[in-house]
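These protein sequence lines are chains L and U, in that order. If you count the first sequence from 1, position 236 lands on 252 in my numbering, and the numbers rise without skipping. If you count the second sequence from 1, position 198 lands on 214 in my numbering, and the numbers rise without skipping.
Think of the hints as simulated: they come from the structure by calculation, not from any bench. One or more hints might be untrue.
What the hints assert, rightly or not - Taking CB as the label site, the calculated pair distances span:
#: 1; chain 1: U; residue 1: A29; chain 2: L; residue 2: A218; range: 53 to 59 Å
#: 2; chain 1: L; residue 1: A189; chain 2: U; residue 2: G300; range: 47 to 53 Å
#: 3; chain 1: U; residue 1: P282; chain 2: L; residue 2: V283; range: 50 to 56 Å
#: 4; chain 1: U; residue 1: N107; chain 2: L; residue 2: R112; range: 27 to 33 Å
Said to hold, decoys possible - Mimicking DSBU-like on lysine-lysine, the simulated pairs with C-alpha atoms at most 35 Å apart in a straight line are:
#: 5; chain 1: L; residue 1: K114; chain 2: L; residue 2: K26
#: 6; chain 1: U; residue 1: K119; chain 2: U; residue 2: K61
#: 7; chain 1: L; residue 1: K119; chain 2: U; residue 2: K26
#: 8; chain 1: U; residue 1: K119; chain 2: L; residue 2: K114
#: 9; chain 1: U; residue 1: K61; chain 2: U; residue 2: K114
#: 10; chain 1: L; residue 1: K61; chain 2: L; residue 2: K26
#: 11; chain 1: L; residue 1: K114; chain 2: U; residue 2: K114
#: 12; chain 1: U; residue 1: K114; chain 2: U; residue 2: K26
#: 13; chain 1: U; residue 1: K26; chain 2: U; residue 2: K61
Said to hold, decoys possible - Not the full set, but computed from the structure, chain L residues with beta-carbon under 7 Å of chain U:
#: 14; residue: T20
#: 15; residue: L136
#: 16; residue: P145
Even for Gly, the Cβ is constructed at its ideal location relative to N, Cα and C.
Residues per chain, in single letters:
There are 2 protein chains.
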Amino acid sequence: MTDTMDIRDKLTAKRAAVDAELARILTGEPAGMYEVMRYAVGGGKRFRPLLLLAVGEALGAQRSLILPYACAVELIHSYSLVHDDLPAMDNDDVRRGKPSCHKAFGEGRALLAGDGLLTLAFEVLSRTPFDPALCSRKERACREIASAAGAEGMIKGQWLDITLAPGNPGEEAFLDLIRRKTGALIRASAVAGAVLAGAPEAALRAVDDFGESVGLAFQVRDDILDAGPSPPPTEPNAVAVFGRDGARSRLDTAVDSALRALEALPVDTGELRYLAGTLRLESGFLS
Amino acid sequence: MTDTMDIRDKLTAKRAAVDAELARILTGEPAGMYEVMRYAVGGGKRFRPLLLLAVGEALGAQRSLILPYACAVELIHSYSLVHDDLPAMDNDDVRRGKPSCHKAFGEGRALLAGDGLLTLAFEVLSRTPFDPALCSRKERACREIASAAGAEGMIKGQWLDITLAPGNPGEEAFLDLIRRKTGALIRASAVAGAVLAGAPEAALRAVDDFGESVGLAFQVRDDILDAGPSPPPTEPNAVAVFGRDGARSRLDTAVDSALRALEALPVDTGELRYLAGTLRLESGFLS
Numbered sequence: 017m018t019d020t021m022d023i024r025d026k027l028t029a030k031r032a033a034v035d036a037e038l039a040r041i042l043t044g045e046p047a048g049m050y051e052v053m054r055y056a057v058g059g060g061k062r063f064r065p066l067l068l069l070a071v072g073e074a075l076g077a078q079r080s081l082i083l084p085y086a087c088a089v090e091l092i093h094s095y096s097l098v099h100d101d102l103p104a105m106d107n108d109d110v111r112r113g114k115p116s117c118h119k120a121f122g123e124g125r126a127l128l129a130g131d132g133l134l135t136l137a138f139e140v141l142s143r144t145p146f147d148p149a150l151c152s153r154k155e156r157a158c159r160e161i162a163s164a165a166g167a168e169g170m171i172k173g174q175w176l177d178i179t180l181a182p183g184n185p186g187e188e189a190f191l192d193l194i195r196r197k198t199g200a201l202i203r204a205s206a207v208a209g210a211v212l213a214g215a216p217e218a219a220l221r222a223v224d225d226f227g228e229s230v231g232l233a234f235q236v237r238d239d240i241l242d243a244g245p246s247p248p249p250t251e252p253n254a255v256a257v258f259g260r261d262g263a264r265s266r267l268d269t270a271v272d273s274a275l276r277a278l279e280a281l282p283v284d285t286g287e288l289r290y291l292a293g294t295l296r297l298e299s300g301f302l303s
Numbered sequence: 017m018t019d020t021m022d023i024r025d026k027l028t029a030k031r032a033a034v035d036a037e038l039a040r041i042l043t044g045e046p047a048g049m050y051e052v053m054r055y056a057v058g059g060g061k062r063f064r065p066l067l068l069l070a071v072g073e074a075l076g077a078q079r080s081l082i083l084p085y086a087c088a089v090e091l092i093h094s095y096s097l098v099h100d101d102l103p104a105m106d107n108d109d110v111r112r113g114k115p116s117c118h119k120a121f122g123e124g125r126a127l128l129a130g131d132g133l134l135t136l137a138f139e140v141l142s143r144t145p146f147d148p149a150l151c152s153r154k155e156r157a158c159r160e161i162a163s164a165a166g167a168e169g170m171i172k173g174q175w176l177d178i179t180l181a182p183g184n185p186g187e188e189a190f191l192d193l194i195r196r197k198t199g200a201l202i203r204a205s206a207v208a209g210a211v212l213a214g215a216p217e218a219a220l221r222a223v224d225d226f227g228e229s230v231g232l233a234f235q236v237r238d239d240i241l242d243a244g245p246s247p248p249p250t251e252p253n254a255v256a257v258f259g260r261d262g263a264r265s266r267l268d269t270a271v272d273s274a275l276r277a278l279e280a281l282p283v284d285t286g287e288l289r290y291l292a293g294t295l296r297l298e299s300g301f302l303s
């Protein structure tokens, strides 16, 4: 019990560090431009940056090295929500209980704020201090993040999302879609943390497996909560594809797989087990 | 005369190398997604990549090192055009004599293709081979490009463009706008070439001055040609701000400054002088 409270305190402190650094990054002139970007980043649970920081620090990375990467993945996640909500995409009026960015500021500014957040992610990575001993790790971490955000990751996931025929796409196509659209950046967050820590290949593989399972669990959980009690939704959704019981079972299996992957890491994985466990339905997610 | 033909042949060969590499980068599955991105990148004169390659090679950089950076600046430029043309921004139906991207493929796919091109730029940079001797140069070149595309560069320029009050913004505000919106990426293209070549600080400063003047000349020239014979346009435009004669004089002065900056470089600057000279009104731009 004390252990769990201790873990929650540590994750809360990590979240505060991410929020403070994001606030610092998102301050400037003209104030109106940064206000729209801050609005878009506000209210998130910071799951991806927490994952990156928790993996990185469990494996021995310095906070100062990995914090910019943690912010970058949150900036990328935030941009994707702003653009997904636009009328040309999902046309969502509400996000995180507030008006979506374009509802609050208009489409032009929301589009631009999304572009700004995406670019800022790579600006933040490009401004990390030069260190010849860390170049190789930094380049690999950047590559993991850029690939997850990119043409074979989130962009392709979103493309599949808007071009798939209505109805049930089938299990394989659905899993491919969510692996790219949601899973890739979650997986990359975990892997980038391990890469920056200089983890050996066996640990990297374990973190990769962990991140893959966490990413799947994250999206399936989201779909189950989105689907409500009944009837199942008609757009691509884990409940529509696997059925309600099937989706719950997939979620449990994915969390179990994530926890099993952690057993290969010879370090204290308390925070990572907590983060994975919080994805179970009966758990209050990062509450 | 032979010299000029020789220079044009070399620039034409560089352009072919850029186009071939862009075609390679923009090939994949699903074919429809890459088709939209290729459409958006098609038809450009490749001014920014040519500048990067010409600066880099004049100062001794290997083609294989700098070609990815040349492609990245063109991908960033292309994304900015796609998003600028969207109805929420300038609502332009035509680009480079063809239907704009959203007119050809719809708003959702154009928005996503723009996001894809921007992300792909950083993916391309993140996939360059690791070389401990070049890390520092590569990080600095990335930083130049990311900053130019970012919150203090193109994003702020576009923000100023959509939020400035109608009418003449005044010379200072107008110059700040075009320096960010257009000038920053052109300047960064030149500087990135020099950085990758490992140019000494004096040469970097000369290239920086050169890039700054070329960026200004580029936008003023565009505005003069856009403005047509009469009357002057009402939106922020060099002809509206400086008058027709004033804009022509600014353009000439900027090209002269660019050529003067090159005098500090102790290398063959023939291609760079040609690129700058082609911005004069009487010249056929890269024709």
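Status of each hint after checking the structure:
1. Our hint of 53 to 59 Å for A29/U and A218/L is violated, since their Cβ atoms are close to 47 Å apart.
2. Hint check: A189/L to G300/U, Cβ distance near 50 Å, so the stated range 47 to 53 Å holds.
3. Hint check: P282/U to V283/L, Cβ distance near 54 Å, so the stated range 50 to 56 Å holds.
4. Restraint check, N107/U to R112/L: a C-beta distance of roughly 30 Å satisfies the suggested window 27 to 33 Å.
5. A hinted pair counts as satisfied when its Cα atoms are at most 35 Å apart, and K114/L with K26/L qualifies at roughly 28 Å.
6. Simply put, K119/U and K61/U have alpha-carbon atoms about 21 Å apart, close enough for the 35 Å limit, and the pair holds.
7. A threshold of 35 Å between alpha carbons decides the hint, and for K119/L with K26/U the separation of about 50 Å lies outside it, so the pair is violated.
8. For the suggested pair K119/U and K114/L, the alpha carbons sit about 32 Å apart, so the restraint of at most 35 Å is met.
9. Our distance criterion of 35 Å between C-alpha atoms is met by K61/U and K114/U, whose separation comes to about 15 Å.
10. A C-alpha spacing of about 15 Å is found between K61/L and K26/L, which places the hinted pair at or below 35 Å, so the restraint holds.
11. For the suggested pair K114/L and K114/U, the alpha carbons sit about 39 Å apart, so the restraint of at most 35 Å is broken.
12. Between the alpha carbons of K114/U and K26/U the distance comes to roughly 28 Å, so the proposed pair stays at or under 35 Å and holds.
13. With a C-alpha separation of about 15 Å, the suggested pairing of K26/U with K61/U holds against the 35 Å cut-off.
14. Restraint check, T20/L versus chain U: the minimum CB separation of about 38 Å is more than 7 Å; hint violated.
15. Restraint check, L136/L versus chain U: the minimum CB separation of about 5 Å is within 7 Å; hint holds.
16. The interface hint given for P145/L is violated, since its Cβ lies 9 Å from the closest Cβ of chain U, which is over the 7 Å cut-off.
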